[in-house]
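2 protein chains.
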Amino acid sequence: MDPAPESTEERITRLHGQGIVDLHLDLPMFLYENRDRKNVLASDFLPEFEAGDIGTAAAGIYIEDQYLPDKALEIALGQVARIYVEVERCDRFTICRSYAEIKNAREQGKIGLLITMEGAEPLGTDLNLLYIFYELGLRVIGLTHARSNAAGSGGVFAPTGSSPKGLTAFGCELVRECERVGVILDLAHINPAGFDDILENTTRPVIVSHTNARKYYDIERNISDEQIKMVGTRGGVIGINSVLVSPKKEDSTL
Amino acid sequence: MDPAPESTEERITRLHGQGIVDLHLDLPMFLYENRDRKNVLASDFLPEFEAGDIGTAAAGIYIEDQYLPDKALEIALGQVARIYVEVERCDRFTICRSYAEIKNAREQGKIGLLITMEGAEPLGTDLNLLYIFYELGLRVIGLTHARSNAAGSGGVFAPTGSSPKGLTAFGCELVRECERVGVILDLAHINPAGFDDILENTTRPVIVSHTNARKYYDIERNISDEQIKMVGTRGGVIGINSVLVSPKKEDSTL
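Protein chains in written order, with this note's numbering: chain A, 1 to 254; chain B, 255 to 508.
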């Protein structure tokens with residue numbers, strides 16, 4: 001006899017058992033912009049994290065256009081510093097640098113923050129800076145946002161029109177260095193040519209932290225069924241995005 | 255009966271037992287300037303370290319004038335990155351962040367490198383950046399070199415003439431933050447007024463990593479007998495400098 005079908009409530013409880021993993025949250029930028037306030041994590045984020053049962057959240061360093069290129073490194077470090085300062089002030093959070101630390105955080109009932117980077121602009125063209133960010137806890141990097149930088153080009157928010165070029169030589173070297181050091185490649189936002197180049201330059205699992213299927217909303221910023229399979233073949237993980245699902249309401253069920 | 259007097263050779267052997275501690279070495283700047291070469295630690299430093307029985311060396315981040323102010327942070331991080339890269343390439347070295355790690359390094363026969371900073375210019379006026387450098391291993395900071403910066407002013411290489419002003423408000427705050435975070439204050443190079451201000455803003459032991467007695471060579475960059483006693487009272491340590499001992503050959507016995 002088959003077991004009784006799981007109710008929706010039961011399924012939610014099961015899926016939420018270890019807490020939701022949010023693979024992309026623009027937290028560092030927000031903390032940096034609110035750096036004159038104290039306990040921003042506790043006041044602005046904790047209640048919603050708890051309500052949504054967030055167990056692990058990837059805090060993505062992102063540099064806004066007006067700071068590029070000269071201030072990218074400084075702002076990125078300021079963002080990381082804010083994460084450290086805020087986590088020190090609120091013992092419900094902890095910064096995780098490894099799977100063991102994530103597990104440990106969950107066992108202690110803490111929300112684990114992963115430090116990630118959305119766009120390699122803070123590195124400029126200096127591979128050595130990857131070591132700096134690794135030491136500071138960086139474990140996931142997306143080479144580009146939608147714009148172009150020294151590593152490659154991002155995907156456009158349209159069916160076609162992304163740069164036909166893949167990664168730059170620096171971008172390829174960065175991918176290999178990430179594999180060597182132990183930083184996961186995040187393929188969210190990269191253009192299709194760059195997507196292929198990343199997979200050619202690494203053998204490790206990759207992730208796409210926040211995206212959706214082009215099948216439902218055909219823009220290059222989303223990913224094709226073929227790309228989804230390529231990530232799966234590598235043992236990677238894809239995070240769904242609560243925006244960019246579909247312009248048609250009937251297809252947007254999130 | 256008194257034990258037989260120790261011979262000079264015996265004394266040297268005893269004093270060198272744990273390896274010499276070099277409290278100030280301009281290593282990061284050298285590594286950075288030679289960043290296109292590989293294995294600089296192994297080729298340019300290891301033979302002399304071994305010949306001199308160096309057990310622990312403080313690698314001092316220092317930013318040359320031509321990089322100030324805009325490039326200070328980037329160059330400092332580039333220097334730290336070079337330390338990491340070079341240490342990874344030569345297993346005779348290890349980066350130490352605590353006394354336990356220094357002891358462990360010695361037990362393994364490795365040369366321990368401490369990351370220190372000579373002049374707070376890389377922090378600009380952003381206290382949060384202290385967290386960044388702490389995470390990267392910074393455990394000792396001298397607020398100034400001979401010049402002035404956002405934290406204070408350095409001592410001149412003359413009997414008088416240093417700024418009569420002590421630390422700035424930022425400098426005082428930085429001293430208190432160093433005490434809180436766990437970064438040792440290094441009073442080498444600070445001017446006499448700043449020396450007093452540092453001691454007023456911290457209760458912890460301080461060091462003077464490289465200096466000599468003004469009694470033998472009266473310049474403000476060296477320290478007075480009274481200052482030597484102030485450091486001793488705090489349980490601090492003073493490292494002697496192999497230069498700036500005395501302009502008179504008969505007093506220069508180093």
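For the record, the hints were derived by calculation from the structure and aren't laboratory data.
Backbone N, C-alpha and C fix where the C-beta goes; we use that ideal spot for every residue, glycine too.
Treat the hints with care, as some may be off.
Here are the computed distance ranges between Cβ atoms for each label pair [stated by the list, open to error]:
#  : chain 1 : residue 1 : chain 2 : residue 2 : range
1  : A       : N39       : B       : H270      : 36 to 42 Å
2  : B       : N288      : A       : K71       : 39 to 45 Å
3  : B       : D450      : A       : A42       : 55 to 61 Å
4  : B       : E427      : A       : T13       : 26 to 32 Å
5  : B       : R458      : A       : E101      : 26 to 32 Å
6  : B       : E342      : A       : T203      : 20 to 26 Å
7  : A       : L68       : B       : A412      : 43 to 49 Å
8  : A       : A42       : B       : R401      : 39 to 45 Å
9  : A       : D196      : B       : E342      : 29 to 35 Å
10 : B       : N288      : A       : V181      : 32 to 38 Å
Chain B residues, not near chain A, derived (Cβ > 10 Å throughout) [said to hold, decoys possible]:
#  : residue
11 : R289
12 : G332
13 : C344
14 : N358
15 : G378
16 : R430
17 : A447
18 : E480
19 : L498
Status of each hint after checking the structure:
1. A C-beta distance of roughly 51 Å is found between N39 of chain A and H270 of chain B, which places it outside the suggested range of 36 to 42 Å.
2. For the pair N288 of chain B and K71 of chain A, the beta carbons lie near 28 Å from each other, so the given range of 39 to 45 Å is not met.
3. Look at D450 of chain B against A42 of chain A: about 39 Å separates their beta carbons, and that is not inside 55 to 61 Å.
4. Distance hint check for E427 of chain B and T13 of chain A: the Cβ-Cβ separation is about 49 Å, which falls outside the suggested range of 26 to 32 Å.
5. The hinted range of 26 to 32 Å is satisfied by R458 of chain B and E101 of chain A, whose Cβ atoms lie roughly 30 Å apart.
6. Look at E342 of chain B against T203 of chain A: about 21 Å separates their beta carbons, and that is inside 20 to 26 Å.
7. Range check, L68 of chain A to A412 of chain B: about 45 Å between beta-carbon atoms, so the 43 to 49 Å window is met.
8. The hinted range of 39 to 45 Å is satisfied by A42 of chain A and R401 of chain B, whose Cβ atoms lie roughly 41 Å apart.
9. Between D196 of chain A and E342 of chain B, the C-beta spacing of about 31 Å keeps the proposed range 29 to 35 Å intact.
10. Between N288 of chain B and V181 of chain A the beta carbon distance is about 22 Å. The supplied range of 32 to 38 Å is therefore violated.
11. With a closest Cβ-Cβ approach of about 7 Å to chain A, R289 of chain B is found to fall inside the 10 Å limit, against its non-interface label.
12. Here G332 of chain B does not stay apart from chain A, with its beta-carbon only about 6 Å from theirs, under the 10 Å limit.
13. No beta-carbon of chain A comes within 10 Å of the beta-carbon of C344 of chain B; the shortest separation is about 15 Å.
14. Taking the minimum C-beta to C-beta distance to chain A, about 19 Å, the non-interface status of N358 of chain B holds against the 10 Å cut.
15. Residue placement check: G378 of chain B does not keep its beta carbon more than 10 Å from all beta carbons of chain A (closest about 8 Å).
16. Interface exclusion of R430 of chain B from chain A stands, the closest Cβ pair being 15 Å apart, more than 10 Å.
17. Non-interface call for A447 of chain B relative to chain A: holds, since the shortest CB-CB distance, roughly 30 Å, exceeds 10 Å.
18. With a cut of 10 Å on Cβ distances, E480 of chain B stays outside the contact zone with chain A, its closest approach being about 38 Å.
19. With a cut of 10 Å on Cβ distances, L498 of chain B stays outside the contact zone with chain A, its closest approach being about 33 Å.
When held up to the earlier numbered hints, the structure conflicts with 1, 2, 3, 4, 10, 11, 12 and 15 and fits the remainder.
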